[in-house]
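Asks: Below are the chains, spelled out letter by letter.
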Amino acid sequence: MAKITYYTHDSRIHTIDVQNGLTVMEGAVQNDIPGIDADCGGGMACATCHVYVKQDWLDKLPTKEDGEEDMLDMAYEPKQNSRLSCQLIVSEELDGLEVSIPEKQA
Amino acid sequence: MNKTDVLIIGAGPTGLFCAHQLGIIGLQCEIVDNLDKAGGQCIELYPDKPIYDIPAIPECTGEELTNNLIQQIKPFNIKFHLNERVEELKKVENRWHVKTSGNQEFEVAAIIIAGGVGSFEPRKFPVKECQKFEGSSLFYSIKDKTIFKDKTISIFGGGDSALDWAIELSNTSKVNLIHRRDGFSGAESSVQKVKELNDQGKLNLYTKYQMDSVSGDNQISSVKIKHDEGETKELQSDYVLGFFGLIMQLGPILNWGLNINKKTVEVNTENFETNIDGIFAIGDICSYPGKLKLILSGFHEGALAARGCFKYARPDEKLRFEFSTTSKAAQERLGVKK
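Listed in order, the protein sequences are those of chains A and B.
For the first sequence, this note's numbering assigns the number 1 to the initial residue and increments by one for each residue that follows.
For the second sequence, this note's numbering assigns the number 1001 to the initial residue and increments by one for each residue that follows.
No lab work stands behind these hints, which were simulated from the structure alone.
There could be a bad hint or two in this list.
Unchecked claim - No more than 35 angstroms apart at the CA atoms, straight line, and that leaves these computed lysine-lysine pairs for DSBU-like: (1) A:Lys104 - B:Lys1151; (2) B:Lys1037 - A:Lys79; (3) B:Lys1233 - A:Lys60; (4) B:Lys1291 - A:Lys64; (5) B:Lys1208 - A:Lys54; (6) B:Lys1226 - A:Lys79; (7) B:Lys1337 - A:Lys79; (8) A:Lys79 - B:Lys1145; (9) B:Lys1263 - A:Lys54; (10) B:Lys1074 - A:Lys104.
Required output: the full structure, derived from the provided sequences and hints.
Replies: Here it is in structure tokens:
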């Protein structure tokens, strides 16, 4: 279990306990946090679960797999701290992670 | 006006197999898809990637699955209407009148929506002013490349479309290629070619830059790009092209009065009919308790929806359950020679 904080574009803050093994994307979708579409269902085949990771977390996350950066090319306003939330698997190590959800996904 | 029994919206694996199921019970159908080819997400998102969970097929690619499904429905001579998006539905007595983006019209007894996560559309620039120039000096696909001759073109993107067009247009135009990072998702040979052209001064490559703004009156005159570190550049440009892949949008389906929940259409699990009589939804676009977004679920849903259409298409007949192995009628429809 890890506490993940999602900042949505309407300036609201949602802090959720997410079970280990779920992804940061699933944590948002299952808790009805708006702004994560996840059209492909977590297959790294779209870029609609795009989030911005809080700077000091960037180096603590598992590195991007091949293909994630390619998909991020298609995200809405990608930045240097962009990740696909379907690729972030929750564990104790992610406790306290903070991500912001972009204005829109497409 | 195209008259048939059933119109299938979406030529992905679910739509294709549903056409088979309609064919085998003796109903005619036609298929509309917004893409230029059949296969849906399988062809658009992962043509070369393996799929391991199609029953009785240990491994196949998205493209192989699509080709096999097309092969399987060959006997039914199904008419495809590609590059068409269904826009309007209207009920006229017991039939549905359907109109597409290309002004094709259909009159059908039932409609099966197998639209996946919606229709694929180009992903656009986030910069607002881009809308103003879209279609005149800003494009997301190229229909007539001759307009670019001797002009200055700024191309954005790092995939195959961006690279291929940058290489091709650099022969006859002044090309700027702008991409948000140093790495590219396009073919390595194209990346090398672009770098060579950049070294030879035949193309200008700007990496770690993204669009900041566009300006011009009726036509674009320049585009401002911004580096990751904040520095900006103004590039004189006659045309701007964006190649950021495709996104999926539910589009006009939202306006048809269907019960929509989180971008999916609610159906019953008896025959996958929606809240509107004669409109069915199958595959990734439908939702019901326990829904799994697997291709195999789409096949099951299509088989039941096809049978659900029967009462609308043949109100005076009764559908009998038969196996393809033993049914003479089914085998005749499949063109099996004995």
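Asks: Going through the earlier hints one by one, which of them does the structure break, listed in rising order?
Replies: Those not satisfied are hints 7 and 10.
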